[in-house]
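S.K.: Here are the chains, one letter per residue:
Protein chains: 2
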Amino acid sequence: MKIGIIGSGNMGRSVGILWAERGHEVFFSSREAAKAQAIAELAGHGARGGTNDAAAAFADVIFYGVRELPSKVFSATDVLASKVLIDCNNSPIPEDFAFEPIAESIAEKFAADVPNAHIVKAFNTFAQEVFELSPDPLGQYQVSCFVCSDNEQAKQTVINLIAEIGFNPVDCGELRRARMVEGLGDFIRFMIGGRKLGSYATISVHQLPQAKEQRLGGRKPGYA
Amino acid sequence: MKIGIIGSGNMGRSVGILWAERGHEVFFSSREAAKAQAIAELAGHGARGGTNDAAAAFADVIFYGVRELPSKVFSATDVLASKVLIDCNNSPIPEDFAFEPIAESIAEKFAADVPNAHIVKAFNTFAQEVFELSPDPLGQYQVSCFVCSDNEQAKQTVINLIAEIGFNPVDCGELRRARMVEGLGDFIRFMIGGRKLGSYATISVHQLPQAKEQRLGGRKPGYA
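As you go down the protein sequences, you meet chains A and B in turn.
Counting in the numbering used here, the first sequence runs from 1363 upward without gaps.
Counting in the numbering used here, the second sequence runs from 1363 upward without gaps.
There may be inaccurate statements among the hints.
Identical copies look the same in the list; a pair holds intra-copy or inter-copy alike.
[What the hints assert, rightly or not] Straight line, CA to CA, 30 Å or less: simulated DSSO-like cross-link-like pairs of lysine-lysine: (1) Lys1364 to Lys1397; (2) Lys1558 to Lys1574; (3) Lys1574 to Lys1397; (4) Lys1574 to Lys1471; (5) Lys1434 to Lys1558; (6) Lys1434 to Lys1364; (7) Lys1364 to Lys1471; (8) Lys1445 to Lys1434.
Hints were generated in silico from the structure; no laboratory data involved.
Predicted model, so just to flag it, every value in this text is computed and none were measured.
Let's have the full structure, built from the sequences with the hints guiding it.
M.R.: Pasting the structure below:
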């Protein structure tokens, strides 16, 4: 798969290297082309580096690791038509982690900005350090990576890319659910920084096995 | 410990029985005293049943499982002075799980309503069915129970009660953090019902072991 990494900060660099190692064609980009070139060399496996526009033209899937609107990052947005754009962003951390309630998600703002692209929310609920455990031993910890999109095929593409590097993809449905998923991003950053659990703190959904009997006399399973 | 259970629905009944089994003096109450009596008999271990007022007068710790403001549930609120009141509530589920952003939490509204009580948010991020796995094998799954309060001693009391029945208490700090914790309650109910993961779906925070090396070239651990 042809993957472009826009904004080669901690997250983009790490996930790009992991995908390159798994055989994908990865193109790193950055405001400074020289920085992207250096990361491409670090990644090896034939990874390339260059401008944001070049990465977008090259890629089928774009890992978008910057907060600016796509229309401000690329010279033209028609190059994004029908491409998968993974938004991994959270809002800046406010003083004392006093996050505002989320009425509209970053992912939805991106979708309104570039309606010809398929926006997929993912990768916003753990710190870069967690990638250092990928793909092994990360797989054994069953860490959730929450995903939502209005395009089913784009979502499935990202779900596969998530699973390849050792995370548990959790399908959260349509893109408007990014409001809740970004809320999880705020919460885990509060845990990591505000409650000092550190960069290896993660938040995950798990399904426990059903109880063999309902001895406490509750309703029957099947809550909805 | 003397524990009152206000609103003996699924959650209250289950957690009350578990605490009774662990040697606490539990007083179940309900709008219908006969219902509370029946649950007390089911619980055994010397559990009692009666009116909401009687339960509040009896207890040092109150598990508050109803959405109405305490000032509307009890004849007088001076009986709550310096008592621990555990708020396990979430807002009603809206159509299609389209939750509103949370600007003020239920827990904070309760605290404003009965400022003489020590409000502790907890037990709002899993369904009643999960109690059926308590205390064993629940302990092995390391399911988080998120806790916050403005009173440290009250919070510690609840943390101990949580750990006794097999959950992992996660200290989320002050009561205003209940906004985020109730957001987790909304999200897991969306997963349970909206995404059909079922009543044994849980949401938890885990700390992974640190990576042995930073081979992906990220910043050093210590995110804050």
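S.K.: With reference to the structure, classify each hint as holding or not holding.
M.R.: Here is what the structure says about each hint:
1. Lys1364 to Lys1397: Within one copy, since 20 Å is at most 30 Å while 63 Å is not.
2. Lys1558 to Lys1574: Answer is between: at 20 Å across copies they meet the 30 Å cutoff, but 38 Å inside does not.
3. Lys1574 to Lys1397: So Lys1574 and Lys1397 pass the 30 Å test across copies only (26 Å; inside, 57 Å).
4. Lys1574 to Lys1471: neither (46 Å within a copy, 38 Å between copies)
5. Lys1434 to Lys1558: Close neither inside one copy (35 Å) nor across copies (39 Å); limit 30 Å.
6. Lys1434 to Lys1364: For Lys1434 and Lys1364, only the intra-copy Cα distance (23 Å) is at most 30 Å; the inter-copy one is 61 Å.
7. Lys1364 to Lys1471: Close inside one copy (25 Å), not across copies (51 Å); limit 30 Å.
8. Lys1445 to Lys1434: within (17 Å within a copy, 55 Å between copies)
Going down the numbered hints, you'll see the structure goes against 4, 5, while the others check out.
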